[in-house]
Amino acid sequence: MKVSEVNDLVNVHGKHIYNFCRQLTKNIEEADELYQDTFLKAIELCDRIDKGNNPKSYLLSIAVKLWKNRKRKYAWRERIVAMESYQEEIVYDQKQCDHVQTPEDELLEREWQEIVTEAVGGLKEEYRIPMYLYYTAELSLKEISRILLLPVGTVKSRLHKARNEVKKYLEVKGYGR
Amino acid sequence: MEDKELNQLLKNALSKDFEFDYKLNTKILQKVRENEMKDVRKIRRFSIVAAICCALFCCSAFAAWKYLTPKDVAIEYGDQQLAAAFEGEDAILMDESKTYDEYTVQLLGAVSGENLTNFCADGQAVSERTYAVVAISKTDGTPMPKTSEDDYGKVPFFISPLIQGLNPQQYNIMTMNGGYFEIVKDGVMYRMIECDNIQLFADHALYLCVSNSSFYERDAYQYDEKTGNISINEGYEGMNLLFDFPLNKDKANKEAAEAYLKEFSAAQEVDSQEESNEEEKTEQNVGMNEIMNN
Chain Z
1 MKVSEVNDLV NVHGKHIYNF CRQLTKNIEE ADELYQDTFL KAIELCDRID
51 KGNNPKSYLL SIAVKLWKNR KRKYAWRERI VAMESYQEEI VYDQKQCDHV
101 QTPEDELLER EWQEIVTEAV GGLKEEYRIP MYLYYTAELS LKEISRILLL
151 PVGTVKSRLH KARNEVKKYL EVKGYGR
Chain G
1 MEDKELNQLL KNALSKDFEF DYKLNTKILQ KVRENEMKDV RKIRRFSIVA
51 AICCALFCCS AFAAWKYLTP KDVAIEYGDQ QLAAAFEGED AILMDESKTY
101 DEYTVQLLGA VSGENLTNFC ADGQAVSERT YAVVAISKTD GTPMPKTSED
151 DYGKVPFFIS PLIQGLNPQQ YNIMTMNGGY FEIVKDGVMY RMIECDNIQL
201 FADHALYLCV SNSSFYERDA YQYDEKTGNI SINEGYEGMN LLFDFPLNKD
251 KANKEAAEAY LKEFSAAQEV DSQEESNEEE KTEQNVGMNE IMNN
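Protein chains in written order, with this note's numbering: chain Z, 1 to 177; chain G, 1 to 294.
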């Protein structure tokens, strides 16, 4: 693969892949490493990248595989991390908050987003990864099923269960009261 | 809570953009450039090397199953606790080989940390250690000499971890309380080395050097005092292999590493003091003998 082709790949998909790596690893250094390794692995396997047919999905599948391998190999970290330090690093994008009217609303919205992040971060990996692929990487159910080598129905049911868990967590925390 | 509302909340929470260091992309592109350069060189040399490659691939395929695992070597050593450690989460299995002349050296794995062994040294339990297992075989497939044979040990191998930023002449297996255990099985020599826990330094580049010498061979490697990087001396005639020794960076511990270095310097000072005392004693004895002879 030529440098110019890699450059295009990185420019077009880099941001999405990086956001996914950050959500998955919950750690800057590990995310940086996973991000680079994902592209390097992709370059190594360049023949399999079909540029016309969603390379983003292929890159994400590499990231998931590398992450699972690492977790198994090094037991990098437990699912539950020190969320406080993680949350401090989160930079929120203004445009994501569609209905922010007042600073109080904005603050409240942020707090609930933090709680949602915490809730998803605490899910088992089999539920967590589909959530990130769906909401962070914005992939379709079909694409997720291809990456995780699972039937679409299973992906759907995992997402459903994961949402329910998050919902319960939010309700316990007093959402909507 | 409505599903739509939950969906929106999840979307907002999980689709945030993280700050991104664009140097990461530069590094990726740099790597691709390096690979391109290698490819050019490969094409030029391809016709000459093709036959050799075929032979090596055959050897590699054979190598994949012929080696013992680090755990097997630890069992041969008689240390079940260490064998279990090589199967544990902290163990790092490697599969990298390098060839020099008639020898192929394969790095098989490593483990570092506390209480890896139940063996004792000087009556005290050995606590923080690094272990690594290396296989050495003849590239042409002929067997390495058995430990019972006269030829065993005639060709020395010096295998030592090295640390970026620390002069390898001062910091190698000999000075870091190291040792090794060796067996020859099915024509392959396995060496399990051990030394003080160097995983503390895993935030630096770590290396494993293999040379045909009994001690650290200063001419075989180059130490860049500015960057702390260690590299092979291209002009050196003899084996001077250098592996990356990728221990778990998460286990690096700056404070413990600094404490270790302090302790190391203090021990070195004591040793050099003892040595100079010994020299003085010898000189005095020589003087006495001269007087007595006269």
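Calculated directly from the structure, the hints in this document are not laboratory data.
Values in this document were obtained by computation on a predicted structure and should not be read as measured data.
All residues carry an ideal CB built from backbone N, CA and C; glycine is no exception.
Treat each hint with caution, since some may be false.
To be verified - Just a sample of chain G residues kept apart from chain Z, beta carbon distances all over 10 Å, derived:
{"no.": "1", "residue": "D21"}
{"no.": "2", "residue": "E102"}
{"no.": "3", "residue": "P156"}
{"no.": "4", "residue": "M174"}
Unchecked claim - Keeping only pairs whose Cα atoms sit at most 30 Å apart, straight-line, the calculated DSSO-like set for lysine-lysine is:
{"no.": "5", "chain 1": "G", "residue 1": "K249", "chain 2": "G", "residue 2": "K23"}
{"no.": "6", "chain 1": "G", "residue 1": "K11", "chain 2": "Z", "residue 2": "K56"}
{"no.": "7", "chain 1": "G", "residue 1": "K23", "chain 2": "Z", "residue 2": "K156"}
Results of checking the hints against the structure:
| no. | hint | verdict |
| --- | --- | --- |
| 1 | D21 | 7 Å, violated |
| 2 | E102 | 31 Å, holds |
| 3 | P156 | 33 Å, holds |
| 4 | M174 | 29 Å, holds |
| 5 | G:K249 / G:K23 | 20 Å, holds |
| 6 | G:K11 / Z:K56 | 19 Å, holds |
| 7 | G:K23 / Z:K156 | 37 Å, violated |
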